[in-house]
Structure formats: structure tokens, C-alpha cells
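Engineer: Sequence:
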Amino acid sequence: MIKQKELVPKRRFEGFNKEWKRQELGDFSDVTKLAGFEYTKHVVYSNTGTIIALRGLNVKNGRLILDEVKYIDQSDFSKLNRSKLFKGDILFTYVGTVGELAIIPKNHKYYLAPNVSRFRLDKEIDSQFIIQMIGDMSYYNKVIFPLIATSSQPALSMENIRKFTLNVPESKEQQKIGQFFKHLDDMIALQQRKIDKTKALKSAYLSEMFPAEGERVPKRRFAGFTDEWSFETLGNLLIYEQPTKYLVNNTRYNDSNPIPVLTAGQSFILGYTHETNNVKNATSEEPIIIFDDFTTSSHYVDFSFKVKSSAMKLLRFKDNNSSYFIYVLLKNIKYEPQSHERHWISIFANFDVLLPSKKEQQKIGQFFKHLDEMIATHQQKLEKLKATKQAYLHEMFV
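The working numbering numbers the first residue of the sequence shown as 38 and each following residue consecutively.
Some hints could be false.
What the hints assert, rightly or not - Here are the simulated SDA-like cross-link-like pairs (lysine to any residue), alpha carbons at most 20 Å apart as the crow flies: (1) LYS426 / LEU138; (2) LYS396 / PHE247; (3) LYS345 / LYS396; (4) LYS368 / VAL390; (5) LYS371 / GLY402; (6) LYS124 / ALA186; (7) LYS423 / LYS70; (8) LYS160 / PHE247; (9) LYS200 / ILE185; (10) LYS371 / PRO295; (11) LYS70 / ALA186.
Claimed, not checked - Just the calculated beta-carbon pair ranges, DEER-fashion: (12) GLY52 / LEU284: 17 to 23 Å; (13) LYS371 / LYS418: 28 to 34 Å; (14) ASP292 / PHE50: 30 to 36 Å; (15) ARG289 / LYS124: 47 to 53 Å; (16) GLY251 / LYS423: 39 to 45 Å; (17) PHE50 / THR281: 32 to 38 Å; (18) GLU61 / SER175: 36 to 42 Å; (19) LEU284 / ASP223: 41 to 47 Å; (20) LEU238 / LYS423: 20 to 26 Å.
Hints are computed from structural coordinates only; laboratory data are not their basis. Since this is a predicted model, take the numbers as computed values, not measurements. Ideal placement from N, C-alpha and C gives every residue a C-beta, glycine not left out.
With these hints in hand, go ahead and build the complete structure from the sequences.
Structural biologist: As C-alpha cells, this is what we get:
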């Protein structure tokens with residue numbers, strides 16, 4: 038007779054050794070639909086008033102988000118449908134985007150968007166522990182996704198939600214695990230705020246350090262620069278090369294291989310190849326831009342690489358000392374592709390752009406290069422934190 042596998046995680050906090058118990062969510066939680074904010078003909082909404090009516094608190098990216106704000110008269114306030122929620126209650130979306138979660142931070146009456154359910158847990162069950170388990174993508178794929186009905190739009194019944202199976206340890210171990218992952222989530226949120234703040238700072242500087250439309254000088258400049266900027270055609274600043282020679286033959290990538298394979302799209306590095314022939318050699322002294330000829334997205338590259346697609350141009354700088362300024366200038370062009378066509382030769386190379394002196398170009402380029410490096414460093418730390426969390430989720434849950 039085959040012995041049943043014990044319900045114990047690979048990694049545990051010291052002092053815990055009891056086997057976990059398999060239970061259904063409904064065994065320790067009151068699961069119910071919450072009446073959403075109902076618009077009725079009896080309530081008059083306007084853009085002004087004395088009372089703010091929250092159209093709904095939606096769950097997005099683990100946070101409670103105001104969906105809409107409207108104003109109502111004092112006399113209509115009592116007619117609104119409110120739901121009393123308590124600290125530790127878990128919200129869970131069960132229609133449309135199924136599986137978004139949030140924990141109520143304090144006792145309050147909330148106006149909720151439709152299609153949000155509430156889990157009110159028994160006292161010995163820790164909310165943070167439950168939300169971490171249910172919020173894990175592997176749990177979603179294994180437990181939640183098979184229960185979703187898709188006749189019209191993705192949806193879960195309350196009965197199926199109550200049947201969610203979870204492996205649960207004793208209360209103290211739940212709390213330790215919940216607090217541990219809450220700390221990781223706080224670190225991830227902090228790192229994301231650093232990225233958002235630096236990106237916002239960069240956006241503000243871009244709007245002030247490049248001339249506005251119809252202007253020849255920017256609002257903000259480095260000390261010592263006062264001359265007007267002058268027009269130049271973008272194609273005169275860059276030399277293009279077709280990437281055909283550098284195409285990778287085998288797309289079976291491996292991180293242990295030495296040569297990165299690039300795309301001009303968001304993913305940038307697709308993987309690493311063992312092919313060392315016909316490599317495009319770029320360096321910090323002689324960088325290039327990879328430019329997607331169809332989407333017009335681009336990346337600054339200062340290391341050797343190969344490419345997967347021929348649907349791009351490799352752009353070399355005529356003046357490497359101003360390379361990053363030209364790259365920022367290119368990225369700052371406001372253009373949205375309207376059709377599936379190649380853009381560099383027919384469109385982008387013909388754009389007239391404003392340039393300052395060489396010295397000011399170098400100053401501005403170095404400034405934005407530093408900001409982009411800060412963003413990249415913050416992003417790397419964020420990805421490392423997320424990977425760390427995923428590794429712990431895999432080892433600390435059964």
C-alpha cells in the first residue's frame with residue numbers, strides 16, 4: 038500500500054513540525070457576495086455637491102482602488118447601498134478578472150463595485166497567510182482556473198469558491214508565514230514606488246530640458262548654456278545598417294551561453310545563444326540603437342549581440358560623444374504608428390529635430406543616462422525581490 042504523502046512544506050520556521058491539514062475555504066470562512074453600489078432613479082448624481090459617493094472600491098493589483106467619484110445631495114446619502122467590512126476581511130473578484138485580492142485594512146463601511154465577494158475568516162485563520170496562498174499564480178492555475186465557467190465571461194459561483202482546497206498549518210505558523218510574506222510585499226511595493234518616482238522625475242525633466250513645440254530653448258538648462266537650439270534632420274545624425282548578417286540561426290537559448298539575442302521590443306533580451314559568428318560588436322565607446330522598423334520602439338546597446346528578427350534597423354551614431362542625447366531625442370519623438378509599415382527610411386530619418394551645442398548635448402545625455410541607470414538598477418532589485426518571493430512561496434507552502 039502506497040503511503041500518502043505528508044502535508045509539510047520544504048522550508049519552515051524553527052519550532053514548527055506538525056503536519057498541515059487539507060481543508061476547503063468554506064470550512065473556516067464565511068464566503069458571500071457583496072451587494073455593489075446600485076445606481077437607482079431615486080438618487081441624483083452630479084459633478085458638485087456636499088457628499089462624495091464612491092462609485093466602487095475595486096481590487097486592482099492587490100490594492101483597493103477608487104473606481105469613480107460622484108457627488109450627491111445630503112438627502113440622498115441614506116439611499117446608497119453600503120457594505121460593512123471588518124479589518125482582515127478578504128475581497129476576491131469572481132466575475133471578469135477573476136482572482137484579484139485585497140485585505141480590508143480597518144473597520145469601515147465601503148461602497149463596493151459589483152462582482153466582488155468577501156471572505157470572513159474564523160479567528161484562528163490568518164488573513165495574510167490565506168491571501169498569499171490564494172494569490173499565488175501556481176495556486177490559481179491548479180485550483181481556481183479549473184473551476185471558472187466561461188459561457189459568457191469568466192466567473193466563479195460562491196459554491197465553487199467555498200470549495201477552494203487549501204493546506205493549512207496551525208495558527209501560529211500561519212501568522213509567521215503571513216507576516217514574512219507581508220514584509221516581502223512591503224519591500225516589493227517600496228521598490229516599485231522608487232521606480233515610479235524615478236520615472237516620473239525623468240518625465241518631468243524631459244518636458245523641461247527639451248524645447249516645447251514652437252520654442253528654440255528649453256525651460257530648464259545647465260549653467261552656462263544660453264544659445265538657441267538649431268534644427269537638424271535625424272537621418273544626418275545616425276547611420277543605419279540592416280541586421281540580416283547578425284540573425285541567430287538557433288532559438289534554443291540558454292542563460293549559460295555567452296551572446297545575448299536582442300529584440301527592439303519590450304522584452305529586449307530574448308535569451309543567450311552559443312553562436313559566436315557574425316556577432317554585432319557594440320561597446321560603450323561605440324554604442325548603437327536597435328530600432329524596430331514597424332513599432333518604432335528602440336533600445337540603446339553598448340555590448341555585443343545577435344538579433345532574432347530582421348524587422349529592425351541598427352543605428353550607428355555619427356558622433357559617439359553625443360550618443361545618449363541622440364537616443365533620448367529619438368525616444369522623445371511623439372509618434373504613434375498608424376499602419377504596419379517600415380518607418381526609419383521613409384519617416385523617422387526625415388524628421389527635423391532641435392539640437393543644442395555639442396557640450397550641452399553631452400551634459401543632457403549624461404544626465405538622462407544616469408536616470409535610466411537608476412531606473413534599471415531599481416528594476417533589477419524589484420525583479421530579484423519578486424523572484425525571491427516566488428522561491429519562498431514554492432518552498433513554504435504545501
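Engineer: It remains to establish, for every hint, whether it holds in the given structure.
Structural biologist: Evaluation of the provided hints:
Distance check on the hinted pair: LYS426 and LEU138 sit about 17 Å apart at the alpha-carbon level, within 20 Å; holds. Proximity of LYS396 to PHE247 is assessed by CA-CA distance (about 15 Å); at most 20 Å being required, the pair is judged to hold. Between LYS345 and LYS396, the direct Cα distance comes to roughly 36 Å. Violation of the 20 Å bound is thereby established for this hinted pair. Taking the CA atoms of LYS368 and VAL390, the gap is about 12 Å. The hint holds against a cut of 20 Å.
A threshold of 20 Å between alpha carbons decides the hint, and for LYS371 with GLY402 the separation of about 19 Å falls inside it, so the pair holds. Restraint check: the Cα-Cα separation between LYS124 and ALA186 comes to about 31 Å, which exceeds 20 Å; the hinted pair is violated. Between LYS423 and LYS70, the direct Cα distance comes to roughly 32 Å. Violation of the 20 Å bound is thereby established for this hinted pair. A C-alpha spacing of about 58 Å is found between LYS160 and PHE247, which places the hinted pair above 20 Å, so the restraint is violated.
A distance of roughly 12 Å separates the Cα atoms of LYS200 and ILE185; the hinted pair therefore holds under the 20 Å criterion. Note on LYS371 and PRO295: the hinted pairing is violated, with a Cα-Cα distance of about 36 Å set against a maximum of 20 Å. Pair hint LYS70 plus ALA186 holds up; C-alpha atoms about 17 Å apart against a cutoff of 20 Å. In this structure, GLY52 and LEU284 break the distance hint of 17 to 23 Å, their C-beta atoms being roughly 57 Å apart.
Between LYS371 and LYS418 the beta carbon distance is about 31 Å. The supplied range of 28 to 34 Å therefore holds. Judged by the Cβ atoms, the range 30 to 36 Å given for ASP292 and PHE50 holds: they are separated by roughly 32 Å. Restraint check, ARG289 to LYS124: a C-beta distance of roughly 51 Å satisfies the suggested window 47 to 53 Å. The hint said 39 to 45 Å for the Cβ distance between GLY251 and LYS423, and at roughly 44 Å that hint holds.
A beta carbon spacing of about 56 Å between PHE50 and THR281 contradicts the range 32 to 38 Å that was offered as a hint. Range check, GLU61 to SER175: about 19 Å between beta-carbon atoms, so the 36 to 42 Å window is missed. The hinted range of 41 to 47 Å is satisfied by LEU284 and ASP223, whose Cβ atoms lie roughly 45 Å apart. The supplied range of 20 to 26 Å is met by LEU238 and LYS423, whose beta-carbon atoms lie about 23 Å from each other.
Hint compliance for this structure: hints 3, 6, 7, 8, 10, 12, 17 and 18 are not met, and every other hint is.
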